[in-house]
Amino acid sequence: MRLAPLLPAVLFVTGLLLLPATAPAFAALFPDVSDPLYRRESFATLTLNHAGLVIASLVPAALIGIGLGIAATRPGAREVRVVADTLVGFAQAVPPVAVIAIAVPAVGFGAAPALIALVCYATLPVLRAASGALATVPRDVLDAARGAGMTPRQVLWQVELPLAAPPILAGLRVAAVLAVATAAVGAVAGASCLGTPIIAGLVNGNPAWVVQGALLTGLMAFAVDGLLAALAPAAPR
Amino acid sequence: MIRFEGVRKSFGATRALDGLDLVVPEGAFAVLLGGSGAGKSTALRMINRLIDPDAGRVLLRGRDVAQEAGPALRRRIGYVIQGIGLFPHWTVARNIGAVPRLLGWDDRRIAARVNELLALLRLDPSAYRDRMPGQLSGGQAQRIGVARALAADPDILLMDEPFGALDAVTRGALQAEMARLHGATGKTIILVTHDVEEALALATRLAVMADGRLVQEGTPRELLDTPCDPRVRDLLDGGAIGMRRLSLVAAASLAGPSGDVPADLPRIAAGATGREALEAMLAARAEAVLLVDPNGAPAGLVALRDLLRA
Numbered sequence: 001m002r003l004a005p006l007l008p009a010v011l012f013v014t015g016l017l018l019l020p021a022t023a024p025a026f027a028a029l030f031p032d033v034s035d036p037l038y039r040r041e042s043f044a045t046l047t048l049n050h051a052g053l054v055i056a057s058l059v060p061a062a063l064i065g066i067g068l069g070i071a072a073t074r075p076g077a078r079e080v081r082v083v084a085d086t087l088v089g090f091a092q093a094v095p096p097v098a099v100i101a102i103a104v105p106a107v108g109f110g111a112a113p114a115l116i117a118l119v120c121y122a123t124l125p126v127l128r129a130a131s132g133a134l135a136t137v138p139r140d141v142l143d144a145a146r147g148a149g150m151t152p153r154q155v156l157w158q159v160e161l162p163l164a165a166p167p168i169l170a171g172l173r174v175a176a177v178l179a180v181a182t183a184a185v186g187a188v189a190g191a192s193c194l195g196t197p198i199i200a201g202l203v204n205g206n207p208a209w210v211v212q213g214a215l216l217t218g219l220m221a222f223a224v225d226g227l228l229a230a231l232a233p234a235a236p237r
Numbered sequence: 001m002i003r004f005e006g007v008r009k010s011f012g013a014t015r016a017l018d019g020l021d022l023v024v025p026e027g028a029f030a031v032l033l034g035g036s037g038a039g040k041s042t043a044l045r046m047i048n049r050l051i052d053p054d055a056g057r058v059l060l061r062g063r064d065v066a067q068e069a070g071p072a073l074r075r076r077i078g079y080v081i082q083g084i085g086l087f088p089h090w091t092v093a094r095n096i097g098a099v100p101r102l103l104g105w106d107d108r109r110i111a112a113r114v115n116e117l118l119a120l121l122r123l124d125p126s127a128y129r130d131r132m133p134g135q136l137s138g139g140q141a142q143r144i145g146v147a148r149a150l151a152a153d154p155d156i157l158l159m160d161e162p163f164g165a166l167d168a169v170t171r172g173a174l175q176a177e178m179a180r181l182h183g184a185t186g187k188t189i190i191l192v193t194h195d196v197e198e199a200l201a202l203a204t205r206l207a208v209m210a211d212g213r214l215v216q217e218g219t220p221r222e223l224l225d226t227p228c229d230p231r232v233r234d235l236l237d238g239g240a241i242g243m244r245r246l247s248l249v250a251a252a253s254l255a256g257p258s259g260d261v262p263a264d265l266p267r268i269a270a271g272a273t274g275r276e277a278l279e280a281m282l283a284a285r286a287e288a289v290l291l292v293d294p295n296g297a298p299a300g301l302v303a304l305r306d307l308l309r310a
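Protein chains in written order, with the working numbering: chain A, 1 to 237; chain B, 1 to 310.
Read the hints as simulated data drawn from the structure, not as lab findings.
Even for Gly, the Cβ is constructed at its ideal location relative to N, Cα and C.
Each hint should be verified, as a subset may be incorrect.
What the hints assert, rightly or not - Counterexamples of contact, computed for chain A against chain B with all Cβ distances above 12 Å:
#	residue
1	A9
2	M150
3	P152
4	A165
5	S192
Stated by the list, open to error - Label-pair distances were calculated between CB atoms; the ranges are:
#	chain 1	residue 1	chain 2	residue 2	range
6	A	G132	B	D64	36 to 42 Å
7	A	F90	B	M1	56 to 62 Å
8	A	T45	B	L103	55 to 61 Å
9	B	I241	A	V82	52 to 58 Å
10	B	G134	A	L215	53 to 59 Å
11	B	D54	A	L63	27 to 33 Å
12	A	P95	B	G134	43 to 49 Å
13	A	P167	B	A69	29 to 35 Å
14	B	A66	A	A51	30 to 36 Å
15	B	T14	A	F90	34 to 40 Å
Claimed, not checked - Derived, one-sided and incomplete: chain A residues facing chain B with beta-carbon distance under 8 Å:
#	residue
16	P75
17	E79
18	V83
19	R146
20	G190
Between the sequences and the hints, there should be enough to build the whole structure, so can you do that?
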């Protein structure tokens with residue numbers, strides 16, 4: 001495993017551990033603020049909740065994205081692809097705050113509206129990657145697979161998905177980074193996450209909290225990107 | 001035996017087959033020859049149900065192929081395509097073992113079969129087994145494609161322009177290889193091509209197709225000598241009908257006794273064609289050529305005028 005992709009993760013963990021000790025620095029930076037360090041919940045708890053939101057949205061996003069990608073690339077399913085692209089494109093065109101605002105009356109405050117917005121957002125890169133990668137599996141390879149007597153299911157599992165896996169994993173990585181960044185918005189609906197200090201800071205006029213939440217959210221997105229890059233299989237020969 | 005009965009197929013507004021009737025005898029090396037759009041690939045792909053007819057039927061040993069599920073049918077029919085279509089994420093061994101694996105052979109039997117086939121196609125098993133398709137030349141990849149099609153020992157082999165993308169030297173070598181395999185195994189081979197030289201070199205039965213129909217079927221010699229249709233004559237003539245006829249005749253069948261011959265006559269192998277004999281004479285500016293058996297002993301004399309009997 002290469003070491004460079006792990007650097008952001010190290011940076012994130014370091015930031016998480018050192019942040020509580022930086023209260024004097026924030027006090028010096030923001031002298032007007034009475035409480036320069038966010039202490040309502042520990043940053044570790046916020047990080048875990050944030051990660052929970054990301055994972056809980058990525059799993060359905062991956063299933064929906066890859067599933068729709070497979071459906072859209074079956075023979076005679078061109079319309080499915082158009083419809084899927086339109087639907088998910090629409091889901092991504094609406095800002096996450098708006099999705100949360102619309103979802104709150106339906107599902108109440110908390111994690112649920114944030115999850116709905118995150119799934120909407122994370123599905124598109126996965127779907128694009130899956131349908132694109134599956135559509136570019138060479139025709140003669142598919143012809144040979146059918147000609148060898150593989151059933152459609154065997155063609156999918158033994159030939160199409162293995163060949164499409166690297167771009168699909170890249171799409172999942174994009175979706176994960178997007179989800180980490182977007183999950184912070186969930187705080188407006190009351191979801192506990194690294195966005196919570198940002199919202200609390202905005203509401204209470206405490207820019208130090210905003211900086212702390214934004215810093216950790218950004219570092220976490222870098223960390224996830226680096227970790228997934230390290231896990232990604234080497235490019236096929 | 002494979003029999004097409006009144007087979008029709010359209011793709012949208014394009015009519016690919018317009019009532020094809022054709023019989024391929026057991027053990028033949030049948031070549032479907034025709035220009036693009038003649039329907040030859042469509043016909044080939046109906047034998048293993050990659051395409052189903054709109055009307056008519058395809059019989060395999062008297063049984064309509066539509067009665068058998070496509071995947072099961074395809075596992076007992078070898079299939080080689082122009083693009084080769086090796087699975088790029090699998091090793092050579094896994095590629096060759098694809099159909100046996102689908103048939104549920106155990107690993108040892110598959111490994112033994114893979115080695116056997118690599119040897120049959122003159123590739124060193126220890127050197128090639130574990131290579132990835134991306135590490136092969138075009139000719140090697142096509143040999144692996146042929147080995148994969150032969151893996152489960154099918155008695156029918158379908159080949160769709162298999163050598164079209166190869167350079168002339170590699171193509172010639174693989175054509176010779178296929179002729180040898182056909183002779184050695186007695187399999188029924190059906191090959192689609194638009195290359196007249198390839199068709200004449202390989203076919204024991206030649207079927208010329210045009211506009212989705214069979215125009216004429218017979219031995220290559222019959223089609224060259226008595227074309228029943230101007231399209232067959234135009235296709236096979238190509239300004240070289242005499243040379244093509246010569247290439248179908250064994251030089252030995254035109255030879256006279258060697259007797260006392262001058263030592264400076266060119267010598268060619270006894271299995272050469274009439275065309276090769278002519279080429280040897282022209283190259284050496286000689287009026288005759290001596291056929292020699294593998295031990296170097298004279299096996300006959302072919303004079304320039306003997307070639308006129310071809």
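Problem set entry | Non-conforming hints, listed in increasing numerical order | 2, 3, 4, 10, 11, 14, 16, 17, 18, 20
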